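Going down the list, the protein sequences come from chains A and B. Residue numbers for the first sequence follow our numbering, beginning at 1 and rising by one. Residue numbers for the second sequence follow our numbering, beginning at 1001 and rising by one.
Everything labelled a hint here was simulated from the structure, so no lab data went into it. All of these numbers come straight from a predicted model, not from anything done at the bench. Heads up, a few of these hints could be off.
[What the hints assert, rightly or not] Here are the simulated BS3-like cross-link-like pairs (lysine-lysine), alpha carbons at most 27 Å apart as the crow flies: (1) Lys1171(B) with Lys1229(B); (2) Lys1522(B) with Lys54(A); (3) Lys1519(B) with Lys54(A); (4) Lys1171(B) with Lys49(A); (5) Lys1229(B) with Lys1522(B); (6) Lys1519(B) with Lys1493(B).
[As the list claims (entries may be wrong)] Here are the in silico distance ranges between beta carbons for each label pair: (7) Glu1506(B) with Leu39(A): 29 to 37 Å; (8) Phe12(A) with Ala1101(B): 57 to 65 Å; (9) Pro78(A) with Glu1330(B): 44 to 52 Å; (10) Asp1125(B) with Lys54(A): 41 to 49 Å.
No residue lacks a Cβ here, since even glycine has one placed at the ideal position from N, Cα and C.
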Amino acid sequence: MRLLRPRTFVIFATAGLLGAALLHTSQNVQHAEERLEALERSAQREEEKIRMLKAEWEALNRPERLERLADEFLDLVPPTPDQMAGDDMSLPEAMPIAEIPAPEDVAPPAVLQPVVLQVPKPQIKPNLPPPLREGGRGRVSESSSPAPTPSLPLKGEEDSVKAFNDLLNELGGAP
Amino acid sequence: MIFSQRMRRTAIKIEGERSSALDLARGRLVLMSGFFILVYMVFAVRAFDLAVIQGRAISADDGVRIAESAVEQAKPAVNIRRADITDRNGVLLATTLKTSALFADPYLISDAPGTAGALAKIFPDLQYGEVLQKLQSNKRFVWLQRSVTPDQQYQVLQIGEPGLEFEESYKRFYPQGELTAHLLGYGNIDEQGLAGIELSFNKYLSDGHDLKLTLDVRLQHALRRETLKAMEEFEATGATGAIMDVTTGEILAGISLPDFNPHDPGAAGKDAIFNRLTLGAYELGSVFKIFSTAALFESRDVPMGTRFDASEPIKMGRFTIHDYHAEDRELTIPEVFMYSSNIGSALMGQAVGTEALRSFYKDLGLLDPLDFEVREVARPLVPDPWREINTLTASYGHGVSTTPLQLVTAVSSIVNGGYVVKPSLVMNEQTDTGEVKENVRIVSARTAQRMRQLLRLVVTDGTAKKAEVKGYRVGGKTGTAEKIVNGKYDSKKKISSFIGVFPMDEPRYAVFIMVDEPKGQKHTWGYATGGWVAAPAVARVIASMTSILGIPPAGESAPESRFGESLKQYVSAKEGH
């Protein structure tokens, strides 16, 4: 019955507590490691995507292709030598940069909604020439310009929805 | 009482006797049960941990993650990724991408129609029926799709079909396609370079070091476009060209036509793989007159007005040296140069002397294989022994075969003011200053200046009038040589070339185009000479270069526009050409 002496009990209890704490910590570490691994993998995936997009960008920007497309779609030709002005000092002062309306956001309104709602409305209003049609819907009314063009942009939109969802998931996954 | 006391005593005694054994047994029992209790507690805690603490429902995303880590583990440990190659402006020329190939183990596929449908949706070029057939076959391994993008891979993993697996590999990708194929080279499936820069810097690239070349894809494209145009216009069998910064020897563009797709060099013919720029040795003809004339100025400080009798063909042994367009009179040095008189140049070579001419050519690097960053370089074909007749023919570029790149380098060394340059393809940021590296002098500044004037004269009044680009003071020299077929010169098969340099008053760029076996066309009155074939192409390249590089032209009244006109006093007026 010596076993149940108070001191023994205290020791056991402490050991138990420490064991529980250790387990808890090791679980935390394990979780953190998993998360880290997942993040690293996703970073790697993003990096790989970036590499691929870069390569694609360069392939699409081949001089030969640009020239062909410019021939086909633009009324522009390379400057001839006699069109070259001597040096840039002889050029007139640069024109003031015209205000260009912000382009339509790529992310679809459905996903943007919760984010956009935080934007104070008065800031948006003066920037937008067309009046807001739907009061509570913030930027949705930006698309009051002609309906989006058909198939191609839709695909991009779908992708960006997914990308955005991924981002949200990742952010939401954080404890 | 006594009894009981005795009894107790006995018991105590018994106890006392065996107490150590009993204690031991009990101690062990406690220990054992304690151990088991502990083990069960660990189990219980672990079960609690798994079920409650980590007990989030496993979502589809987790499934993908698990599957992904399985993919990750399945691939062999990959060493460092082969590094990128860019042009001088950072435009990607070669990169390594990770690609996955999708395959299936039909035995493990549980829902073939569903999987086939999902796959057909992810990969637009896969047919539902075809995939279904593959998934229901009796094999244990079927390829479904090569080169899957990361996005598509993610979607496939989301199907959650255990029978679908990926094989990952690295693949070399050349965004510019055939544009830089010859100098850049290509590799095999194991990421080992087999040609060009990919071969000569194989180890460096494998170790993960990025490489920046001196090429400029915009100039490369302009050169390729115009050379290809000339080649097609004159129904030639091949062509090559280069643009060099004469101050540094940097190669801004270098092409060889026909070219090939570096992603599939196996499909290209031998002719397309062959790099005419560095691996082809040609008798380049009259462009060599640049060197013999420079040699004359160097060895004997003769005045420009010195005359050479070009009225009679030179006969030496079984050789006879003719002029293409015989002037049948005595010619001054500028006249010999601008009308490209073989007789005149041969006489100049004779005046220089065999030994002096040969060593001058050697110093220019025309007689030895080029020391270059790409390993595919040809050994020049040099007459051995070198007799006097070889001196005469070498003066106008016959009997000596060199690679086009050697020629461009040698011309650069003369026009830049007389300093030897080495061709380079790998960017060295420190030397890219546009100033001549003054180390080894090959000709004096005076000779260099005279050569610049002569080269300008060829474009203003001589055989290369079509190379003129207004405002840019182009100078140069045409070359038309007959090819040797079965040991004889074939007058039908020509090598027509032009080396252009601009701006001639302070040369910065040399542009060379050579066309192999051009055929005379109606609009050129049957001519297929360097002046008709290559000179206009070089002019078009220079016109493109000026807008790409932003080089302003000189006005008509500017003093540099009149560069080289002083030589006209040595040119006698004549009736047409």
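Worksheet item: Which numbered hints does this structure break?
Response: 1, 2, 3, 7, 10
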